[in-house]
Amino acid sequence: MDRQDGRMDFDALLAQAQAAPVDGWDFSWLAGRATEQRPSWGYARLMAQRMARSRVALDVQTGGGEVLATAPRLAPLTVATEGWPPNLARAARLLGPRGVAVLAHGEDRFPFRDSVFDLVVSRHPVRTQWPEIARVLAPGGTYLSQEVGPASVFELVEFFLGPQPEHVRDGRHSRWTRRGAHDAGLEVLDLRTERLRTEFHDIGAVVFFLRKVIWMVPDFTVDGYRDTLRRLHDRIQADGPFLAHTTRTLVEARKPAG
1 MDRQDGRMDF DALLAQAQAA PVDGWDFSWL AGRATEQRPS WGYARLMAQR MARSRVALDV
61 QTGGGEVLAT APRLAPLTVA TEGWPPNLAR AARLLGPRGV AVLAHGEDRF PFRDSVFDLV
121 VSRHPVRTQW PEIARVLAPG GTYLSQEVGP ASVFELVEFF LGPQPEHVRD GRHSRWTRRG
181 AHDAGLEVLD LRTERLRTEF HDIGAVVFFL RKVIWMVPDF TVDGYRDTLR RLHDRIQADG
241 PFLAHTTRTL VEARKPAG
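Mapping of the sequence shown onto the UniProt record's numbering: residues 1 to 258, in sequence order.
Treat each hint with caution, since some may be false.
Unchecked claim - List time: in silico EDC-like cross-link candidates among lysine to aspartate or glutamate, alpha-carbon distance up to 20 Å:
(1) Lys-212 to Glu-66
(2) Lys-212 to Glu-199
(3) Lys-212 to Glu-252
(4) Lys-212 to Asp-26
(5) Lys-212 to Asp-223
(6) Lys-212 to Glu-36
(7) Lys-212 to Glu-155
(8) Lys-212 to Asp-23
To be verified - Label pairs and their in silico Cβ distance ranges:
(9) Ala-104 to Glu-194: 30 to 36 Å
(10) Gly-99 to Thr-228: 22 to 28 Å
(11) Thr-228 to Trp-41: 42 to 48 Å
(12) Pro-97 to Val-126: 24 to 30 Å
(13) Gly-106 to Pro-163: 54 to 60 Å
(14) Ala-238 to Leu-77: 52 to 58 Å
(15) Pro-111 to Leu-191: 27 to 33 Å
(16) Gly-32 to Pro-97: 26 to 32 Å
These are computed hints drawn from the structure, not numbers from a lab. Positions of the beta carbon are idealized from the N, C-alpha and C atoms, including for glycine.
Using the sequences and the hints, build the whole thing.
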């Protein structure tokens, strides 16, 4: 503890964050340390509504299965895929008792036949595989996803990496979402983006976030960025929470019935 004011010191905060487990997609460790405004549409609620009226459903890049598990009623046949081994094991433990088959899958061709699913969902996919989504959707089937939008949390990214080129900041713009869906032969039913407040209240929250969301600062390690972490710690101590902005895009698309 800092002797002057009782606040945890820099090294103690780093040690706590480095010891925290980062498997799955559970951010509860950040309670009291960081806040994130939620999109107005409520993805989990929308997903659950569509899941309840589906027959055969697929959750792509399910993470640890935490979001899919919130649906009170799943499709009679529900399958999930995940590519990161720690998440895969966690998802299997969580979803297996509900009859969900969890398959190991990265970013290659989906291991399913054509026109199988009447619903495909995905929350925060690393990359949306539009041709594969269109291929496995049954005619009239729908795809529902909440994507990470353009320049999300880039105040934090650029604190560590410096100014990013425009093509990187723009890479997740909704116009690319619309184009990807259209090029795959899908009809976009809903497409909207919101910019939301995110606050990091201590440096431990920053370390945990960057350890978990590894594509934000791809080469992040505490030792490699110790001086930058110290500068950010001092800034938070002096000025209060570090403010960033997340962006989220909701997309719903349908495969033509014909």
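Hints, verified against the model:
1. Lys-212 to Glu-66: At roughly 15 Å apart (the allowed maximum being 20 Å), Glu-66 and Lys-212 satisfy the hint.
2. Lys-212 to Glu-199: holds, 16 Å
3. Lys-212 to Glu-252: Violated, because 27 Å separates the two Cα atoms, which is more than 20 Å.
4. Lys-212 to Asp-26: Holds, because 9 Å separates the two Cα atoms, which is no more than 20 Å.
5. Lys-212 to Asp-223: holds, 16 Å
6. Lys-212 to Glu-36: holds, 15 Å
7. Lys-212 to Glu-155: holds, 17 Å
8. Lys-212 to Asp-23: holds, 8 Å
9. Ala-104 to Glu-194: 30 to 36 Å: holds, 33 Å
10. Gly-99 to Thr-228: 22 to 28 Å: With Cβ atoms ~46 Å apart, the hint is violated.
11. Thr-228 to Trp-41: 42 to 48 Å: This hint is violated: roughly 35 Å between Cβ atoms.
12. Pro-97 to Val-126: 24 to 30 Å: holds, 27 Å
13. Gly-106 to Pro-163: 54 to 60 Å: violated, 31 Å
14. Ala-238 to Leu-77: 52 to 58 Å: Taking Cβ atoms as reference, Ala-238 and Leu-77 lie about 55 Å apart, which means the hint holds.
15. Pro-111 to Leu-191: 27 to 33 Å: holds, 28 Å
16. Gly-32 to Pro-97: 26 to 32 Å: holds, 31 Å
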